[in-house]
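Peer 1: Here are the chains, one letter per residue:
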Amino acid sequence: MSGAALSPSDRLRAAGSAWRRLPALRRLKLIVGLLAAIAIPLGFVDTSLGIAIAAVAALYGLSKLPQRPKLVAQVALIVAFAYPEPSLAAILAVFFGVFHLPAHLRRFALPGVALAAAIAYPFFLDKLFTIPLLGEFPSVNTGVAMVVFIMMAVGLNVVVGYAGLLDLGYVAFYAFGAYTTAWLASLQFSQVKLHIGSVGITHSLPGLHLSIWLIIPIAGVITALAGVIIGLPTLRLRGDYLAIVTLGFGEILPQVARNGADLSGFNLTNGPNGITPIDAPGFGHTLHRITGGVLPVDFLSDPSGQNMYFWTALGLLVVTIFACFRLRDSRLGRAWIAIREDEIAAAAMGIPLMRTKTWAYASGAFFGGVSGAFYASFKSAAFPGDFYFNISIFILSMVILGGMGNIWGVIVGAALLSYLDREGLANIGAWINLHFHASIDVPPYESGIFGLIIILVMLFRPEGLIPSRRRRAELHEGS
Amino acid sequence: MSTDVRSETMPRRLPRNLPGPTGIGGSLLVLLVVGWLLTNLAKTPGDFFQILLFGLSLGAVYALVALGYTLVYGILELINFAHGDLFMFGGTVSAVFILEVFQLGSQERWYVLWPSVAACVVIAMAVCGVLNALIEMVAYRPLRNAPRLAPLITAVGMSFILQDVVLGWRGPNYITVPSVLPRSDVFNVGSVEYRWDELIVLLVTVPLLLALVYLVQRTKQGKAMRATAQDREAAAMMGINVNRTISFTFLVAGALAGAGGLIYVLWQTQVRFDSGFRLGLISFTAAVLGGIGNLPGAVLGATVIGLIQAFNEGLSWSAPGGDWTQSIVFSILILILVFRPEGLLGEKTPEGQ
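Chains as they are written, first to last, in our numbering: chain A, 1 to 479; chain B, 1 to 353.
So that you can see chain A by itself, here it is in the shape it has in the complex (with noise of 0.2 Å):
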């Protein structure tokens, strides 16, 4: 109907079936061709990254080669990397081996394997090579960031990804849940006096200070609760509508908390200046004693801290993901999933529309409240600015990249877009700037790239980078 000349987006989606209709070995090796010939000119830039984009470029022709000659190249490949990057080499060893195993235990090995590389990561990091490019591999500070916003996303992605409504506010949750720690474990609310498991704190501090394994589960609960109270009223409204309501509960709870300091008298937030500093993680005396000083008192004054904080973290995350996988297959998970398919006829075949949505806004509500309760006892404060509204894009684009309703998607998406935010866009401006002497600043710019990667996946791969096959098979029906 739109007459004879082709839009953009017609002639590029006429391109792609192009693109499909070519034969496998071919477009093989157009890839590869295409990839070298990006990675020639750049090896004269920077020679690490045109050997990285080759090896890349390899990488790929491998995978599709047939199996015995596949298990040939890539031994040859690791023996050429074992002199020069032995980590690099002992990385595509397992990665390898991991891919070689039979189906069913590759299911279980590849999570397997990376949770044993996470949890190990503090102790190889130093003996890392260095990423063209991306620089140096992200700190275990960093490595917090990343697990924490991945276990936000793994809980947007219920409420998006799963039962299909789109929230703007997300990030309100997460602020709820930071400020419920602050609350409870910091000198705050000076008027009384309660410490109940308290850590690494003389116990005459006025204030609440409750243990902070005490309080994730709590500031779950409550942020559950906040989710619930936001949810009952506005979650008949449809999706766009809904997705406004929670972008203007997304920016009053900000402003309440930017004024909160003084709510006729009552200091409630501190105001701009936030809550800070809040009391850390720790297991006591009694059982840094039992132990034998392998668990810290509190994890501030201890040398390992920051691995202590990355392990917990990366226990919240099992945890999370774990619970994310049984609610998907639950009744209710099945519930979400047919509500987003078509709200109608979910209705019809005696779902509760209302009581399952709120149930994904609790549940996801929940899994914002205990990452921002943790995070908050990792950064030891929390602020107005951490309600601030690019964070609930940045944790959608996450969502988005990754693949909606794809827990493993959604985990990649995440730790590539954390990374990005906390070192990996300074570290390409950096290179950028060295090597083609310009001196552009381009973390400042952050927003406008994820703005930027949400776009282009959603028109050109809505289902994102790992896609669940029953979603893609949703999102291509209509076209």
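Incorrect hints may have been included.
Now the stretches of chain A that chain B is said to cover, found in silico as 3 or more residues with beta-carbon under 8 Å [unchecked claim]:
{"id": "1", "region": "126-134"}
{"id": "2", "region": "161-169"}
{"id": "3", "region": "256-270"}
{"id": "4", "region": "440-448"}
{"id": "5", "region": "451-461"}
Hints were generated in silico from the structure; no laboratory data involved.
All C-beta atoms, glycine included, are put in the ideal place defined by N, C-alpha and C.
Given the structure of chain A, go ahead and fit chain B onto it with the hints provided.
Peer 2: Leaving out everything else, chain B in the frame of chain A:
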């Protein structure tokens, strides 16, 4: 809850003249606000009228942006998230033209000032209109058959890109222009002072609004717009070029946002890369308040929101103050969406439960 489904299909049994809890609560709220306004009027009548006039001008700026939301929503059912940033872009373009091309000062002669301002209006409208149409082509048109939320997500992305374009272009600080509009009094009765710049805002806005009404109600293109908004497929069958009509709608919406940006910059004398986001949300609230998709509704909603903001920030007797403006406006948005999604002037839609 199975009642959810039933209430959509079954006619309402209760007679309409029986007020429900929503009606009672809403009336109480309105009464409370009116009481607050009247108290303020009795205490400081001069301030009250001055703030009222200021609020009208503010509402006029909001109306220009709100109309863009409403036009686009009417035709595509898309909340064009990038619209507020388009407004900001228009403001930035005008500011750059005022500063660097026309180099206007604060005491410009009238025969320099008015042609330059007129040129700025044209330029800002043209730039933003074309930009908006381009955005539609790139970011929304390919997703026309995708799930509803897809274009909303790209719109969010577009909003961030626009912000960063301006951030890269003019940096993170406010771009300040000299106050080129005359600031002398139109009249000064008692303690009510009405300045020329406030009046000029209205003098620019109202003709634009009238022109838009003429365009939509009286021209052939407007007819095509209304037809497309009503039923896209049927419109296509009647020989309307739907894509071109949608592009045209985005062009008009963008032009209004551009004009709004220019007026805002002339009046408030400063703009920054993130000025559009919040103002866009407030204008969206105005559009929803009036009934989204409804043109007079958007103007009414914008006027109400402009007045609410002005009263909240200006009145002295127990006003929450500027710190809370955003919370108040978004609370209104949430209340309206939850209890009366069709807005003040809108008709019942499937959205209204």
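Peer 1: Each hint: holds or not?
Peer 2: Here is what the structure says about each hint:
For a cut-off of 8 Å, the count of residues in the region 126-134 of chain A with a CB near a CB of chain B stands at 0, and the three-residue condition is violated. Interface restraint, the region 161-169 of chain A with chain B: holds (3 residues with C-beta to C-beta distance below 8 Å; minimum three). Under the rule that three or more residues need a Cβ within less than 8 Å of chain B, the assignment of the region 256-270 of chain A holds, with 3 such residues. Against chain B, the region 440-448 of chain A contributes 4 residues with a C-beta closer than 8 Å to a partner C-beta. That satisfies the three-residue criterion, and the hint holds.
Interface restraint, the region 451-461 of chain A with chain B: holds (7 residues with C-beta to C-beta distance below 8 Å; minimum three).
Of the hints listed earlier, the one the structure fails to meet is number 1.
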